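Participant: Residue numbers (full-length UniProt numbering), protein chains in the order written: chain A, 1 to 354; chain B, 1 to 354; chain C, 1 to 354; chain D, 1 to 354.
If you are wondering where the hints come from, they were derived from the structure by calculation, not from laboratory data. Wrong hints could be hidden among the right ones.
Since copy identity is lost for identical chains, a pair holds within one copy or between any two.
Computed cross-link-like contacts, DSBU-like style, restricted to lysine-lysine with a CA-CA straight-line distance of at most 35 Å [claimed, not checked]:
no., residue 1, residue 2
1, K210, K312
2, K59, K231
3, K231, K138
4, K316, K207
5, K221, K130
6, K80, K231
7, K60, K231
8, K210, K316
It should be emphasised that the depicted structure is a prediction, and the values quoted were computed from it without experimental measurement.
4 protein chains.
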Amino acid sequence: MAQENLAVVVHSPGDLRLENLPIPEPEPNEVLLQMHSVGICGSDVHYWQYGRIGDFVVKKPMVVGHEAAGRVVKVGSAVKHLNVGDRVAIEPGVPREMDEFFKNGRYNLSPTIFFCATPPDDGNLCRYYKHSANFCYKLPDNVTFEEGALIEPLSVGIHACRRAGVTLGSVVLICGAGAIGLVSLLVAKAMGASQVIVTDLSPERLKMAKQLGADFQLTVKKGDSSEQLAKSVHDILGAQPHVTIECTGVESSIQTAIYATRSGGVVVLVGLGSPMTTIPLINAAVREVDIRGVFRYCNTWPMAIAMLSSGKVNVKPLVTHRFPLEQALEAFETTRQGVGIKVMLKCDQNDLNP
Amino acid sequence: MAQENLAVVVHSPGDLRLENLPIPEPEPNEVLLQMHSVGICGSDVHYWQYGRIGDFVVKKPMVVGHEAAGRVVKVGSAVKHLNVGDRVAIEPGVPREMDEFFKNGRYNLSPTIFFCATPPDDGNLCRYYKHSANFCYKLPDNVTFEEGALIEPLSVGIHACRRAGVTLGSVVLICGAGAIGLVSLLVAKAMGASQVIVTDLSPERLKMAKQLGADFQLTVKKGDSSEQLAKSVHDILGAQPHVTIECTGVESSIQTAIYATRSGGVVVLVGLGSPMTTIPLINAAVREVDIRGVFRYCNTWPMAIAMLSSGKVNVKPLVTHRFPLEQALEAFETTRQGVGIKVMLKCDQNDLNP
Amino acid sequence: MAQENLAVVVHSPGDLRLENLPIPEPEPNEVLLQMHSVGICGSDVHYWQYGRIGDFVVKKPMVVGHEAAGRVVKVGSAVKHLNVGDRVAIEPGVPREMDEFFKNGRYNLSPTIFFCATPPDDGNLCRYYKHSANFCYKLPDNVTFEEGALIEPLSVGIHACRRAGVTLGSVVLICGAGAIGLVSLLVAKAMGASQVIVTDLSPERLKMAKQLGADFQLTVKKGDSSEQLAKSVHDILGAQPHVTIECTGVESSIQTAIYATRSGGVVVLVGLGSPMTTIPLINAAVREVDIRGVFRYCNTWPMAIAMLSSGKVNVKPLVTHRFPLEQALEAFETTRQGVGIKVMLKCDQNDLNP
Amino acid sequence: MAQENLAVVVHSPGDLRLENLPIPEPEPNEVLLQMHSVGICGSDVHYWQYGRIGDFVVKKPMVVGHEAAGRVVKVGSAVKHLNVGDRVAIEPGVPREMDEFFKNGRYNLSPTIFFCATPPDDGNLCRYYKHSANFCYKLPDNVTFEEGALIEPLSVGIHACRRAGVTLGSVVLICGAGAIGLVSLLVAKAMGASQVIVTDLSPERLKMAKQLGADFQLTVKKGDSSEQLAKSVHDILGAQPHVTIECTGVESSIQTAIYATRSGGVVVLVGLGSPMTTIPLINAAVREVDIRGVFRYCNTWPMAIAMLSSGKVNVKPLVTHRFPLEQALEAFETTRQGVGIKVMLKCDQNDLNP
Ligand SMILES: NC(=O)c1ccc[n+]([C@@H]2O[C@H](COP(=O)([O-])OP(=O)(O)OC[C@H]3O[C@@H](n4cnc5c(N)ncnc54)[C@H](O)[C@@H]3O)[C@@H](O)[C@H]2O)c1
Ligand SMILES: NC(=O)c1ccc[n+]([C@@H]2O[C@H](COP(=O)([O-])OP(=O)(O)OC[C@H]3O[C@@H](n4cnc5c(N)ncnc54)[C@H](O)[C@@H]3O)[C@@H](O)[C@H]2O)c1
Ligand SMILES: NC(=O)c1ccc[n+]([C@@H]2O[C@H](COP(=O)([O-])OP(=O)(O)OC[C@H]3O[C@@H](n4cnc5c(N)ncnc54)[C@H](O)[C@@H]3O)[C@@H](O)[C@H]2O)c1
Ligand SMILES: NC(=O)c1ccc[n+]([C@@H]2O[C@H](COP(=O)([O-])OP(=O)(O)OC[C@H]3O[C@@H](n4cnc5c(N)ncnc54)[C@H](O)[C@@H]3O)[C@@H](O)[C@H]2O)c1
Ligand SMILES: [Zn+2]
Ligand SMILES: [Zn+2]
Ligand SMILES: [Zn+2]
Ligand SMILES: [Zn+2]
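Can you build the whole structure from these sequences, using the hints too?
Facilitator: Structural data, given as structure tokens:
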């Protein structure tokens with residue numbers, strides 16, 4: 001095992017560094033992982049740029065990264081289901097307390113949860129990282145490390161579509177064709193949606209949506225009226241969507257989501273915008289259009305692995321850029337510029353394969 | 001059968017009249033009812049004062065009233081389950097088309113539904129009224145006409161608590177102690193809520209809430225901070241409510257509802273305010289507090305009758321005033337002034353009993 | 001319009017006849033249809049062979065057929081959403097009363113429902129047939145009449161998978177690869193099942209299952225132990241199914257279904273066998289494996305049409321034989337012998353296309 | 001702290017002993033409890049009489065008891081939410097592994113769960129007992145130790161009614177008026193059931209049911225026809241139950257449960273009988289009467305405490321006998337004879353109060 005542990009660390013707004021940290025020692029219920037592939041998320045870039053997201057503030061240097069897969073190199077004394085050499089995907093949220101949320105199966109809502117790269121908890125964009133073995137999931141041979149890393153954003157899409165109740169024959173509107181909108185599209189299709197329409201400001205992103213299976217695309221222009229956009233959605237579909245998955249966080253897009261959704265349907269809020277939002281709440285209420293938030297995910301890794309292994313969902317096209325860990329700053333700059341969809345960092349010097 | 005059909009008719013904003021209308025003839029699937037007790041609803045007063053609610057505009061004279069019970073005096077040729085003499089409660093919404101909403105069991109969302117005293121459909125505050133027999137429910141001997149009339153507002157409470165998922169041990173916040181807040185309180189208790197706290201501006205209304213079983217009351221003052229009010233709710237309960245039922249429609253109260261509700265819980269919007277509303281949407285989203293509207297009700301009459309007949313819910317204290325139909329204008333003025341809770345009009349000259 | 005109405009009529013056990021009946025006249029809410037394609041169901045054959053299914057006894061001559069599609073040739077006076085010339089699929093069950101089941105959205109459970117070819121109600125294997133317009137669904141141009149007819153068995157699969165809660169990543173066991181097992185397979189896959197294993201006695205049927213997308217097949221031999229078969233299912237899958245859809249009605253297969261299903265999972269009973277059944281009920285109870293029946297379907301036609309039109313489900317390979325209506329007796333004999341999967345009768349002399 | 005730890009230990013069929021065991025030392029996540037009140041369950045008696053229940057066999061001496069409450073006397077180093085002196089109710093099932101069931105909120109189904117007095121795990125009918133602090137729930141001052149102990153059987157009733165979907169206006173049939181039938185009655189009423197009918201062989205038990213709030217009782221005689229009993233239930237209620245909670249485990253009673261339940265309703269199996277059961281499965285299937293098992297409970301203690309503390313459920317009348325721990329053998333003999341409902345053992349020599 002190498003004695004160095006190169007890591008990508010944010011110190012303060014604008015200050016992102018490649019540093020050498022000690023290799024951690026796993027606790028009895030943990031495993032030590034040699035990291036292989038780690039995707040860059042918009043939140044990683046946000047912590048780098050602004051040093052905070054809402055109430056989560058970087059007060060001491062924090063390793064970034066939470067979309068990750070690696071190989072087990074050391075096993076804690078109490079771990080039974082994993083062995084050295086196992087390839088695993090990492091679920092970054094690990095509940096710390098057995099509170100009501102955990103006991104009820106909604107551990108993502110536990111207020112004291114550990115979460116990679118949410119201050120003050122370190123992430124896993126580094127060479128060696130230790131994690132709760134119960135939240136590492138063995139990958140089958142036919143699922144690559146990069147697919148394993150992509151389970152993290154894919155899980156947001158799964159949780160969103162599950163909370164939305166997407167099912168056979170659902171007509172679905174997805175607002176925003178960023179990484180999250182695109183995984184939601186993949187999942188909605190896999191759950192039986194018959195028609196999916198995707199909106200975005202960017203024609204390139206919509207082209208990607210089309211390639212990934214969107215039935216319709218709608219290009220939005222800043223200043224477009226939300227009610228008018230909703231009408232366009234109805235006209236294109238010849239129907240009103242049962243479900244809208246909002247993946248922009250932009251106020252006008254949330255308004256469109258409400259106006260567009262069929263009575264008795266569901267708007268799922270994935271995108272996160274400003275704290276106070278002005279929306280046509282009465283319109284939603286009197287048509288019993290439910291508004292449901294999504295906070296990360298829970299209980300998604302096993303089903304995601306099943307879908308990837310059976311070939312029912314193909315996330316590979318999402319990876320548009322790859323960099324070795326040593327070029328992490330360049331990789332972050334690429335993500336910051338919004339080029340492509342998903343940038344992957346390759347943390348294993350001896351294996352740069354997907 | 002009397003040859004006159006005295007009815008309360010709104011003509012235009014501010015113009016409410018007692019008029020004599022012809023007695024209608026029931027269609028094959030209808031029954032003719034001699035009305036007995038009809039409650040006045042805030043919406044009746046609103047149509048009288050403003051001639052409209054949102055997009056529903058009084059364009060031709062409309063009989064008001066939709067909280068009603070009466071006696072069958074004539075039976076359409078195709079009606080099997082009702083007989084002359086039956087005492088019935090009236091469900092005012094009758095779907096006109098067998099559309100997807102009706103087939104799915106959510107007929108309240110059917111856009112073409114008939115609804116008593118929603119323009120252009122006439123209500124039943126009159127002596128004789130005909131209605132779809134399928135939406136008239138026979139009252140057991142131990143349920144009074146007035147209880148039968150009160151099933152209408154009670155149904156709003158049932159639908160709200162059902163959509164909220166109130167269950168054994170639920171901790172519930174109810175915003176507003178008007179008629180709708182109070183029936184929601186009764187229903188929440190009957191469904192197993194362990195603690196219910198009610199808010200209102202008016203100490204008198206909160207006193208009524210206490211008499212009807214509220215465990216705690218919180219007096220709100222105009223200008224109180226929503227976050228502070230949420231904190232007060234937590235302090236009083238020693239816990240966060242699983243469910244909040246918003247029955248004021250006031251923006252600041254909706255904000256309080258969101259801040260107060262426990263992660264993973266539900267805010268049900270019953271109160272209807274202004275079209276655009278500014279709310280802490282991100283706060284709700286990242287804590288997965290679902291926001292669900294309520295539009296009237298469906299499938300509530302049978303369970304309401306079961307609850308009234310078994311004595312599990314007591315709505316009788318809600319009736320604070322009674323007037324004979326001939327004094328309808330005085331009765332409306334009483335409701336307009338916000339005195340008491342529910343004003344009942346007695347439409348049967350020979351029986352003024354509850 | 002032709003003056004004759006050739007129809008396939010069962011008179012008594014073993015007595016099936018081609019007869020000429022009068023062309024019916026549609027009521028105000030009905031449409032008259034020129035039938036195009038009608039599939040033969042096991043129940044049709046059963047009425048022919050035995051004159052009864054359970055308590056449903058053929059007491060007077062009954063037209064058979066309930067898997068059907070046709071063209072509107074006459075429109076009742078009150079019908080708004082259909083026009084002469086429209087191609088429609090027919091939902092054979094039409095509730096007669098607005099009872100609690102209908103109002104709740106589970107109209108298939110209404111005890112007084114009309115159902116094609118269930119005594120005493122006539123079916124639609126004939127040239128001209130009238131039906132409630134509300135239960136005729138317009139077919140898009142890219143959905144054939146035969147696909148329209150196949151929506152009936154497909155609906156059984158949809159209702160079964162929906163009651164089972166099949167979702168993303170579900171591991172599914174389907175017992176029996178007859179028409180119903182095969183449509184359940186198609187639907188389970190479309191709803192996101194990651195692995196589906198199908199059992200049957202017949203290797204040919206399992207070959208068909210494989211062609212339609214089954215991931216695994218298990219050939220059952222009469223006398224095989226149910227516990228042993230369950231173990232084989234676990235071995236093949238490397239996991240326990242979340243959901244089992246039982247489509248044989250055979251007692252030993254129902255036992256296998258229970259033993260095989262994962263704790264907390266669901267067994268859906270589609271197959272119908274003998275009235276009393278001996279099963280390992282405690283095994284199911286203490287593992288909270290729910291046992292849910294399926295009685296036909298409700299609210300499936302719109303989503304089925306959406307799936308067929310979008311190409312997400314392909315039912316075409318199910319049709320293995322076609323006969324003109326005039327050769328109906330030969331067609332019934334083919335079904336009776338269990339050759340192929342679905343036999344289609346072509347009722348329109350001028351159009352024998354799918 | 002006393003140096004002795006008197007415990008009730010089953011050694012082999014028929015061999016139950018009072019023995020002195022060492023006082024255990026709590027692990028970091030555990031608390032040591034001085035036991036106060038422990039109820040005797042039918043399963044405790046069964047292990048004493050037969051040395052086994054199904055596959056669970058007493059192979060080494062086992063302390064019995066799992067309906068228990070006590071006081072914290074020592075706190076493990078990692079425990080935060082409990083202090084010495086706290087009065088707590090004990091949830092006897094503690095999951096050992098963070099498997100799929102635990103993560104999904106259904107930890108009662110975890111196959112490796114620890115459970116008090118299920119071999120080989122020791123129970124808590126003794127003076128001093130250590131338990132996972134996460135599964136000890138603090139009792140409010142107004143809830144007695146005995147009420148705390150009764151939360152265990154009450155939880156079975158809560159889980160049963162919750163799985164049954166009992167709600168406002170539900171009509172409920174409960175088969176069997178033993179301890180489990182009676183707690184199910186209390187819970188069904190608290191969740192809003194409008195009518196509850198209870199069956200039993202014993203008129204005394206039915207008298208108890210009546211005292212606890214049953215609306216109707218039906219005395220069953222051995223040999224009564226199940227279909228006839230179902231008809232009697234319908235006649236008495238004037239309706240079919242939405243929900244049946246089977247608490248006898250007797251085959252004929254399970255048959256009655258199915259015949260009696262309304263189409264679209266639910267039969268919950270709480271009673272556990274012989275491994276193979278013969279039932280009218282088709283009758284259930286074609287009426288979509290779901291059959292759902294109950295295995296203990298999960299996530300019930302907090303809501304049970306809320307109900308007891310708020311006075312919405314009164315379990316006190318269930319305790320019909322009390323014995324000091326020293327007279328445990330006499331207490332067990334009382335339970336074995338089926339006298340009364342619940343026998344309580346008082347384990348604290350200095351406090352024999354409820
Ligand atoms: N709730 C959660 O747990 C969770 C998890 C991950 C991400 N998120 C949030 O999801 C959102 C999407 O994440 P992402 O990584 O895909 O971001 P992204 O920036 O890559 O994608 C957002 C897309 O929305 C488009 N867009 C902006 N305004 C629009 C408008 N008015 N109409 C239509 N499209 C518009 C942008 O062009 C962009 O393509 C972000 O707000 C992020 O914070 C939430
Ligand atoms: N969604 C539906 O189907 C439906 C049906 C019926 C009524 N409603 C709506 O429900 C609401 C309540 O109806 P109602 O008949 O009980 O009206 P109401 O006017 O009698 O009661 C409203 C109560 O809210 C109180 N209130 C006002 N501002 C408050 C604040 N900031 N905090 C706490 N309490 C406050 C008032 O003092 C009053 O007592 C209305 O908005 C009505 O339009 C909706
Ligand atoms: N519940 C409903 O609403 C509904 C609707 C339609 C059909 N059904 C029922 O569904 C069942 C299937 O219908 P179908 O048309 O596919 O019938 P089918 O006879 O074509 O298919 C049944 C299949 O089960 C196989 N089989 C028999 N014993 C088996 C065993 N022990 N293990 C595995 N496979 C076995 C047979 O070989 C056959 O291929 C029938 O019982 C039918 O009555 C029910
Ligand atoms: N599923 C679980 O997690 C769970 C938990 C606790 C208990 N149980 C089971 O629940 C059942 C009830 O437990 P209990 O402690 O109340 O037992 P109990 O023996 O005290 O009560 C059973 C009652 O059923 C009555 N009975 C017997 N045959 C009957 C019939 N044909 N019709 C009507 N009543 C009849 C008896 O007279 C008795 O009063 C037992 O089978 C027990 O094993 C299951
Ligand atoms: Zn992320
Ligand atoms: Zn009203
Ligand atoms: Zn059929
Ligand atoms: Zn017990």
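Participant: Is the C-alpha distance from K60 to K231 at most 35 Å within one copy, between copies, in both cases, or in neither?
Facilitator: between (48 Å within a copy, 30 Å between copies)
Participant: Check K231 against K138 for me: Cα-Cα at most 35 Å, and say if that holds within a copy, between copies, both or neither.
Facilitator: The answer is between: 23 Å across copies meets 35 Å, while 46 Å in one copy does not.
Participant: Between copies, within a copy, both or neither: which fits K210 and K312 at Cα up to 35 Å?
Facilitator: Both ways: K210 and K312 sit 17 Å apart in one copy and 16 Å across, limit 35 Å.
Participant: With identical chains, the pair K59 and K231 could be close in the same copy or across copies; at 35 Å between alpha carbons, which is it: within, between, both, or neither?
Facilitator: between (46 Å within a copy, 27 Å between copies)
Participant: Within, between, both or neither: how does the pair K80, K231 come out at a Cα-Cα threshold of 35 Å?
Facilitator: between (55 Å within a copy, 24 Å between copies)
Participant: Is it within, between, both or neither when you check K210 against K316 at 35 Å Cα-Cα?
Facilitator: This pair counts as both: shortest intra-copy Cα distance 15 Å, inter-copy 27 Å.
Participant: For K221 vs K130, is the C-alpha pair at or below 35 Å within one copy, between two copies, both, or neither?
Facilitator: Answer is neither; intra-copy 45 Å and inter-copy 50 Å both fail.
Participant: As a check of your reading, is K316 near K207 (CA-CA no more than 35 Å) within one copy, between copies, both or neither?
Facilitator: Both. Shortest intra-copy (16 Å) and inter-copy (32 Å) distances satisfy the 35 Å Cα cut-off.
Taken one by one, the earlier hints fail for this structure only at number 5.
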